[in-house]
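If you follow the hints, you should be able to join the two separate chains into one complex; please do so.
Chain order of the listed sequences is H and U. Going by our numbering, the letters in the first sequence line up with residues -19 to 212, in that order. Going by our numbering, the letters in the second sequence line up with residues 10 to 474, in that order.
If you're looking for bench data, these hints aren't it; they were derived computationally from the structure.
With the Cβ distance kept under 10 Å, some of the chain H side facing chain U (calculated, not the full set):
#1 P15
#2 M46
#3 F48
#4 M65
#5 I108
Stretches of chain U that chain H covers, calculated by requiring three or more beta carbons in the stretch to come under 8 Å of a beta carbon on chain H:
#6 416 to 426
#7 429 to 435
#8 446 to 455
Note that the structure is predicted; figures quoted are calculated from it, not measured. C-beta: ideal position from N, C-alpha, C; glycine also.
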Amino acid sequence: MKRVKLTIQKGETHVIMGPNGSGKSTLANVVMGNPRFIVSSGKIFFESTDITELAPEERSHKGIFMAFQYPREIAGVQLDRFLFMAYNNIQKAKNPKSAGLSVFDFNKKLHEEMKKLCMNAEFSSRSINEGFSGGEKKKAEMLQLAVLEPKLAILDETDSGLDVDALKIVGEAVNRFKNSERSVLLVTHYQRILQYIKPDYVHVMIGGTIVKSGGIELAEILEKDGYQQFIK
Amino acid sequence: MVDAQASTTKEAWESRNPAPYMSSSRKGLDEALVRQISQDKNQPAWMLKHRLKSLKLFYEISLPQWGPDLSKLNLENITYYAKASDRQAQKWEDVPSDIKRTFTRLGIPQAEQQLLAGVGAQYESTVIYHSLKKRFKEQGVIFEDMDVALREHPSLVQKYFMRCVSPALHKFAALHGAVWSGGTFLYIPKGVVIDLPLQAYFRMNAMGMGQFEHTLIVVEAGAQGHYIEGCSAPRYGVDSLHAGCVEVFVKEGARFRYSSVESWSKDAYNLNTKRAIVEKDAHMEWVGGNFGSAVTMLYPCSVLVGTGATTDHLGVAFANKGQFQDTGAKVIHVASNTSSKVVMKSISKGGGTSLYRGLLEIHEKADNCISHVNCDALILDDISRSDTVPVMKIKNSNATIAHEATAGKLSEEDIFYLSSRGLTQEEAAALIVNGFIDPIAKELPLEYAVEMNRMIELEMEGSVG
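Looking at chain U on its own, in the form it has when it is part of the complex (with noise of 0.2 Å):
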């Protein structure tokens, strides 16, 4: 039963749907198109000011001169701005038929129904679809698509878009201030506590196609919540660019999770951004996993800002063949007693290379800081590799710092152990890969863990000779 349902997935993830309106987009990137994206959605002068400025510096910017080679990314063949589908849904009813036929595929609607408390499916450029119990409407929860809260709550988003993510942080932070389209606005008012996660699928469709979805999340003082997104992206030939951001302003005494399980398309470059700012007695989370893409470049940040601030951060990368998964974690300790904890599993196999990336800052006048990094690589071959770099800037006499870091391979004798009970050489190898995420993955909603379970046995086939 597992096989059928895995391989439903693999082609689900692996099919493409027609797209016939690329015809009216455009590749490549220029000041007219950064004025068009702005003017056909009906943005306001201060967006459009920051759109030029982000693209000046986008220009301005060179390449990162670390990490993955990124020569091969031509960015005058990405398509930066396609839309979908002129229409907004609030049903399911309403969405076009080709596009629900993906998203069936994906098996989006079975976990609506199940137990999502919103959905926003982002289809290439335009989110097409959005719903959310009228409960949270009534307590003053927003969770829009990101056009649509730019239009309806113009203050509140200009109060805080890329105040989190600088478009000066980075090439592709300038990049996506210039051509950023759609997204997630998620705003949470003080006090209120969504016990359901928030979900948001994400797909990029079209053949080069760049996404550049902004997601800006607000949870302010004593409030909790959940968001929870999946990417994939079907396999094509040219490259495509993911260049999305992710802000989280978690306000005081609040707390807040992001997860995500990422599967882009094994030709695409996901240069994704995340960044949180966590203030007095606040606490983020962010769950991930990372199992697609040529090259990932990704490192969920969190700024402590306020006194008694605290991080978690869980990731998984598989780097299979013809992957590059450079992921990791930033945690700047900025304010006293703040406190963070990094755990980071990796797994290797076909030639692929996993690379943990770590900044660890703690700034002068924090005091009583205390972190512990903890990074586990398995490799499952002798033609993968794991690397890891981690970075501390230390800058205070009083803190309390752990770093561990393991590599192993596969078991021989777990294997033997297993195999022995009667379960195949294959079957063994996804058990015990499985087990080595199983930290991360029970953190995830069942339904992504077990997504995240059936990944890893499509990674895992052909895994033991």
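Chain H extracted, bound-state conformation (with noise of 0.2 Å):
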């Protein structure tokens, strides 16, 4: 990646396109603080304080999450115990006098949010992630993103193998975790998650750079005449 610079402000959802290998996850990992990327130069900023250095989780803590392109599979590690590790965690981060949600009133909250998903029940008792389809796995992932409630939602590659059914959920997830004060980073391929999910702007990278930015006449122009226009 080079020379990208993206202001995301509260509210606003940004969506990259762009062909395989164009940097695409690479950005999305690099603001979540994937240790498998070094950044050589250039700076992260979160309401306005420097992110780059921060670990993962100080960043989860400050509001930011990443939905998965391949969601690990852990074994032996329930879903709802971890999110409610995760959740309290977060909790107390934003307020350290926070005593978080007790075990009774998370599992409410998780089951509430496990219905708007059409998950089943049973599935928040299963180790992370392990043995369930790729449909389920994206829905695993909104489903944290619901209990978590962070700033900024990096949603890399969310849409890809998804069937229509399970898009239409994942979209509806997206749009009700939408607020004024929330904001989304899109990463995909395909515009079609793009029936759901309404952007304020749409950027084309390629090469680790965007090249484009506008709005969502933009992905429109994109499905008619793909990025080969783009690429000089």
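The structure is reproduced here in structure tokens:
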């Protein structure tokens, strides 16, 4: 990635589109702080704070969330227990005096959100993503988004590999999340998710850099004419 | 909250109560000491004979020529016999206060109140606290301190004592036969089903103190039960030795589960022998967690002597700095249509070594045997080590055998995934390790599973840079 300049204001939804290998997922991972990527130069600011050097959990505590393109399967770690820990950690980071939720209240909240995502209640007591289908994994990511209530949601190709029904459920989940205080950075290869999620800005990324920015109309041009026109 | 509990536990584990009674005990081993133990406990002549025969074997048999280095174990410097209390207590109120304090810190009375069916807690060599619910007594269940059992049920004890684990088996089985003291006797009569786990806690306390408790369990035809024990010992500078022995007789159609969580202090040698004889259509389960000791050599063994007998071995070993966990399982298929399953998980960290040592033996006349062995190792850094030494002696050609082994590191991507949701790197690592051992932890009663998770969290401190 090089020369990427992107500013997302409160309440805005930005979409990054581009062909495979253009650096979209790298951007998402770098903002979340994946240690696999090294930032050799450049800065990332969140609410006016430089977060370039922060650990992933510190970014999470500040309100950044990333839905993974390939959510990890973690054997033996129950989804509800993990999410309970994550939720209370974030609450405490927001307010050190907060006692967080009790297991009982948390489970209530969790199951309400699961219902909205048409997830079977038994998923909460299964190991994280283990044996989940592609669609179930993405729904579980949306569940975590809904429960953890971040300020910025980065969705890394959350729409890929989903059938029509699952795509609709995921799209609606993102719309439920969106409000005037919360922002979305959607990374995608296809524009079909844009039937459900209406972006304020569309950016085209090619060769690790943003080559064009515009409104929703840019996505329509891409749909018609492809990326070829932007590749020099 | 988890942290507060964890540090309390760690403190309790490493704390030490003064042990003034040790002044009357002495170090080293000879015939006079063996005679003194038998005399003190007023044991029958056959037991003294057994002790002396075992002592002779102990002198004759050499140290194992394989496995961890035992050359630093100074057998002259071990106290082989000491009494913590002359009294036997039936009720918690009767237990001396300094001893009670140790147990309180380990959380025993609370556990007792919650779901214990009976408690036998060994404070060094004397069982001081033993209770059993009335219901089981009426059913003819015997759950006693071994010393008491030998007094009150001598013929029953004599019929089984060291008939499963022979003193000739190895040097430390011989040592055990000579100096054993205390322990638990459990007898479940024919057809009696005990649905709550029976529990006992062992604790080694005085410096350089050996512990040689004997657990003898007889499960009669069609009976069922579950016995669980946790072991811990405070940390001292002088090497201490634990050479206990567990014998289980599972009769026709019976089912039994033996679970233990062992966390002896990190300078101890845990050279324990556990063995079960499983008869026709009977089922034996071993569930074990090994966290403590400098050196552990422990390979629970099931001898499947009756057709249709089955066994499951589930184990976890955690080797941290300065620890060598040489653990595993032995299954001997003597009869036809017997099956066994072994699932072992090991974790190595901070330069520790975990080694799975397994023996699978299928006798010539044992047809249609099935065995499945699965060993998974997790290595948390570049200075730690994990090995697998499976030995198979298959003398019958129509057996079905599967052996799977995996070794892996903590996945950086998994840690990133969990930490991106707000967990610290350490919390994420501990969660993944707890997930790794979950197949074994979930077989334990809740309080033990929680304790095991807590121990993992303690061991994981400072694991992620």
